[in-house]
Each structure stands twice: as structure tokens, then as C-alpha cells.
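Engineer: For the record, the sequence lines run as chains H and B. First residue of the first sequence: 1, per full-length UniProt numbering; consecutive thereafter. First residue of the second sequence: 1, per full-length UniProt numbering; consecutive thereafter.
A few of these clues could be false.
[Said to hold, decoys possible] Among the chain B residues that face chain H by a calculated CB cut under 7 Å, a handful are:
no.	residue
1	ALA58
2	TRP60
3	ALA138
4	VAL139
5	GLN250
6	PHE252
7	ILE257
8	ILE261
9	GLY264
Everything labelled a hint here was simulated from the structure, so no lab data went into it. Glycine included, C-beta positions come from ideal geometry on N, C-alpha and C.
Read off the chains here:
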Amino acid sequence: MATTLVPSTPKAGRAAAASGPRREVGERRPLFRSIVLIGMCFYFLVPLWWLIVASTKTVNGLFNGSAGSLWFDKNIDLFGNLAQLFNQSGGIYLQWLGNSFLYALTGGVGATVLAVLAGYGFAKYAFRGRNVSFALLLGSVMVPVTALVLPTFVLFSAIGLNNTIWAVILPSLLSPFGVYLMRVYAQDAVPDELIEAARIDGAGDAKIFFSIALPLLRPAIATVLLLSIVATWNNYFLPLAVLSDPKLFPVTVGLGQWLQLSAAAGGGQQLWNLIVIGALVSVIPLILAFVFLQRYWQGGLSLGSLK
Amino acid sequence: MSHTLEATNAPGAARPGKPKQHRKRPTVARRRNLIGWSFVAPFGVVFVALLILPLAYAFWLSLQTETLAQGNTFTWFDNYVRAFSDPLFLEGARFVVLFSIVVIPVQMLVSLIAALIIDSLTTRLARISRVLIFIPYAVPVVIGALMWGFLYSPSFGPGAEIFGLFGLVAPNLLSPDGIFFGLINIVSWQWAGYYMIIIYSALQGIDPALYEAAKLDGASKLQIALRIKVPMVASSLVLILVFALIHTLQFFTEPHILKSIASGAIDASFTPNIYAYNLAFSYTQFNYASAISFALGIIVFIGSYIFLVSTRKRSGL
Chain H
1 MATTLVPSTP KAGRAAAASG PRREVGERRP LFRSIVLIGM CFYFLVPLWW
51 LIVASTKTVN GLFNGSAGSL WFDKNIDLFG NLAQLFNQSG GIYLQWLGNS
101 FLYALTGGVG ATVLAVLAGY GFAKYAFRGR NVSFALLLGS VMVPVTALVL
151 PTFVLFSAIG LNNTIWAVIL PSLLSPFGVY LMRVYAQDAV PDELIEAARI
201 DGAGDAKIFF SIALPLLRPA IATVLLLSIV ATWNNYFLPL AVLSDPKLFP
251 VTVGLGQWLQ LSAAAGGGQQ LWNLIVIGAL VSVIPLILAF VFLQRYWQGG
301 LSLGSLK
Chain B
1 MSHTLEATNA PGAARPGKPK QHRKRPTVAR RRNLIGWSFV APFGVVFVAL
51 LILPLAYAFW LSLQTETLAQ GNTFTWFDNY VRAFSDPLFL EGARFVVLFS
101 IVVIPVQMLV SLIAALIIDS LTTRLARISR VLIFIPYAVP VVIGALMWGF
151 LYSPSFGPGA EIFGLFGLVA PNLLSPDGIF FGLINIVSWQ WAGYYMIIIY
201 SALQGIDPAL YEAAKLDGAS KLQIALRIKV PMVASSLVLI LVFALIHTLQ
251 FFTEPHILKS IASGAIDASF TPNIYAYNLA FSYTQFNYAS AISFALGIIV
301 FIGSYIFLVS TRKRSGL
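Only chain H is shown next, with the shape it has when bound in the complex:
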């Protein structure tokens, strides 16, 4: 590769690059890179492949399967597992799934609405105290979410909010990073000249926000919505700490509890097949969402780092 043919003109350089020996080297390298890439895909997919295979097995098949753990058993029992999953403890799994949806949607939508309003306000209004409050907000991006769990728990137990849906939803509304993203985006996406022009035409601040700014902010809104829904859907520590009624659990906490039950020595219930099928069912919605909404998240996730 180090054949430094310093060309006299760009044209000659291109011709040299396209000629025989160099080209061959160029062809072989994509192959090598493709193999590395395939290896990576394989690694990232193995656990999910295992999950799909294991969800078709009975408890016995999980331990002493006929074809090893990465291939299907003789005895495929996917529907039996599904039926058992939805009937276990009076259909508690469906309740957990519903709770996860409820928490993720209300928390995600709420956090996004707050972030859009605040981000736009920070970007486009030079109000007094803006710089100080934005610095405070930037600092809070650095406060880890889990560091807030115990403080939130002690505060909520003082006001009797623990073990209600609000104990999960309210903390999910807080998304300083979303506000930051929105401000960075709004700064350039909504030109000041456009706002001024609308103002001269007699449009009020609310009208400017709803009919001019909002459409321009759409890509950032999609990103913040996605990020906060995923964050709430994946949340484990917070609901684990603030909820004690199994009927209020999201899927993550519920499955964690089944795992503890099954692993408990002796008197434990053997729910292994339910944990596996339950895990599979619960990851399907988000994976589908990500695969089908590609064009919304692929550009957006990098907003924070591109500046």
C-alpha cells in the first residue's frame, strides 16, 4: 500500500490508482473488512439467537436439550410456553407489559414536551438568568440517573408517593440531556430572521412556536422522544426501588423477580421457560420500532456530539 506514486497531475494519480496491481489490493481489503464485520454481527446477534431458540424449549429441554443450547430441540413448544406465560399468576405478565407501555409512553412523551419547550426557550429567548440556569442544566446532565434513585425514594416515602404509578412516571419526565439536545438543535434549525419576519407580520409568540418552530424541530423531537421512551422502557433501578406491588411492576422488574424466584435454592419455583419467553416477547416491540424507524434515529442519535 505504501507505493507512493506521487502524481504530477490529479488525472495521472487517478489513472495509476485504477491500474492493475493497486486495484487488486483494493479488492482484497474490502473482503477482509467484510469478514471482520460479519464476525461482529455474529457476536452481537448470538444472545438474541439463543433467546429465540430457547423460547421454544420446555424447562426440561433448557437443561437437557437434544441439540445443545444454540439449536432447536426435537420437542418445539413455543405456543405452550406462550400460553403458560400469559396464564401465569392470573396473567400478570400482560399487566407488566401494559405497565411498561404506560410508563414509557407517558414518561417519554412528557419528557419530550418539556424538553421541546425548554430547549426552544433557551435557544431563542435571551431572558434574564438564561446563562446561569443553562449552566445548572448542563451540570445536571452529569448527575447520573441512578444517583437520584435513592434520594427520590426517600423523598417520595416522605410524601407517600411510593408504590404508585407516579413514582415511576414523574422521575421519567426529567431529561436534562433532552433539553440540551433541543437547544443545540433549535439554535440553528429555527433562524432568528424567520422569527423576526413572523413577528413583523404580527404573529404572536405562541403562533410562531406552533406553526414555525415545531415543524422545523421535527427531527430533534423524534430523537428526544425515542431516547426518553427507551430510557423509561429499560429502567430497572427506579421501579425496583419505588414499587412493591407486583401489579405495578414494569416487565424488567417482573422478570428480575421471576429470576430470583427460580434461582432461590430448594423451594424456588422453576420458571426458567417463562423467563426466556417473557424476555423474548418484551424485546420484540422495541427492536421492531428501531428497525422500522431507522431513518428517524440514525441521524438523530448523533445530535449531541455533532456541533
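Put chain B on the given structure of chain H with help from the hints.
Structural biologist: Only chain B this time, still in chain H's reference frame:
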């Protein structure tokens, strides 16, 4: 910073016809102030109620100690002194620091290599793997830990079969010696795809004319990758580093999930966060748990803030 709306007032201020302007300006400014604040206010309320208030309350609790005789008494910083001389807390803190030092470079390297390869290929394979590698991000951490826990398990997992093919004994990644590496693998698997997307988007933003110029100077593909692409995405690497650090120092979910199947390898003070959780919920020592939680949050906060300020130019935050 302040060029957004002052600009409209500036011409008025510069004009000599003062009296009228003077009377008008404050009301316009005040109106804008008010509207600006009302956009920010809803978030502000949530910010105060769910960030400032809990932290302040936890701090207040952490300054007290519960005694049987008198209930809560004010003991100032006793709980913090106790934390920093508590071998269980220090051991957990040592573990997360060590863990971060190993796992963060691993994650960044994997995601950087993946992003560079995907960026350099225009094949369908590259487009598909971009999505496939990202998918673990869509899997809840609980489920990620659960799946790997099953895969590691000597009674469920394929470890024994795969290593058996080569006549080897599979390492037990759920044992006290193996759990460190088991967790490194889980965390890297979960987050590398997300970081890959961030780096990849930054790579896509580089002007391809740079590569052309380098190629004319005889640079190889590898040289272009290492000397042009990597430095150009340094700001996203810094951002990833900070997020990974904040995330790893707060390590909780993965070890908490693995705890029930990795008997003996993960104890009640495995990481500071697990310790605080157990203090609060198993031993009801809320004051001490608040102190540990607060101390940890402050350390992470100060650490990442210093880091970001010192690399401010690069991170763009």
C-alpha cells in the same frame, strides 16, 4: 450567546431619540423575559421538584444518624467519614474504578473499529450490520444481563460444548474469578452499538475531499483512517468516554440481575450502588445509604465536570 434577541433592541439603543425608546424598551424586554421564562418554566418545575429537591433531602438525611434512644439526631459529616473508612464501600468503589479502566477502552475500540469499517464500505452488508450491531441498545439492560447469564451458565449455556470441541474446559464466567470478564462482555455488548452509531454519524460528517487529498499524497486506507478519520471524530470519542464513565461508576443493574444465578460471586457490596441499595432496603439504614448515594453522585459529577471542562474545546458540550 446573547446575539439572538438583543439584536432587535440594539438599533433603538443606538438612536439618539432617547426618551420614547427608554420608556418602551423595558416593557418589551420584560415581555420577552416573561415569555422566555414561561417556555422554560414547566421543565424548571420538574427540575426543581425531581432533581434539586430529592438531592437536598437526601443530603439533609445523610447528615443525621438514627439512634434507638433519640430517633434521628444531627451528626453532620459522621456518615461520610464512616463511608470513606468503610472497607465494604471502598472495595466496591475500587471495583467500579478498575472495571471502568478496562471496559471503557474495550467498548470504544470495538465501536470505533465497527464504525470505521461501516463508514469505509458502501455495500449492503455495511448497511445491514449498522442496524444489527445497534440492536442490543434496544434490548433492556435487564434482558441483556439475563441472556448472557444464561449463556454463561454451566447448566444452560453453550460454553461447555464449544470449548469441548477443542478439548478445553470452559471458563466459568459466573465464578468469583470470572465475573469481572463476564460483566465486561455484557456491558460492551450492550453499548458498543450505540457508540458505534455516534462515531459513524461523525464520520459521515467529514468532507470526503480530505480523503482525496490524502490519497493523492499517497496515504494508505489505514493511514487515512488513523491520521484523518480518528482525529476528526475526537469530539464524539470524548463524549462517549464521559457517558461511559458516568454509566459504569453507577454500575447496578447487570450485577444485581446476575446476583441470583452467580451465587457467591456477587455480594451485597459488590458496587457502591448495590451497597447503598442493600443498606436502604435490607438493613433500613436510610441515612447511611443516602450518604453513600450522595457521595457517589458528587464524585461522579465533579469528576466528569472537570474532565469535560478540561477537554471543552474538543467535546463541544
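Engineer: If a hint holds in the structure, say so; if it does not, say that too.
Structural biologist: We went through each hint and held it up to the structure:
A distance limit of 7 Å between C-beta atoms decides the matter here; for ALA58 (chain B) the minimum to chain H is near 3 Å, and the interface restraint holds. The closest approach between the C-beta of TRP60 (chain B) and any C-beta of chain H is roughly 10 Å, which is over the 7 Å cut-off, so the hint fails. Residue-level restraint check for ALA138 (chain B) holds (minimum Cβ-Cβ distance to chain H is 4 Å; threshold 7 Å). Restraint check, VAL139 (chain B) versus chain H: the minimum CB separation of about 5 Å is within 7 Å; hint holds.
Look at GLN250 (chain B): its Cβ gets to within about 4 Å of chain H, closer than 7 Å, so that hint holds up. Below 7 Å, beta-carbon pairs count as interface contacts, and PHE252 (chain B) has one with chain H at about 5 Å; its hint therefore holds. Proximity of ILE257 (chain B) to chain H holds as hinted, the smallest CB-CB distance being about 6 Å (cut-off 7 Å). Restraint check, ILE261 (chain B) versus chain H: the minimum CB separation of about 5 Å is within 7 Å; hint holds.
Here the hint on GLY264 (chain B) is broken, as its CB sits about 12 Å from the closest CB of chain H, past 7 Å.
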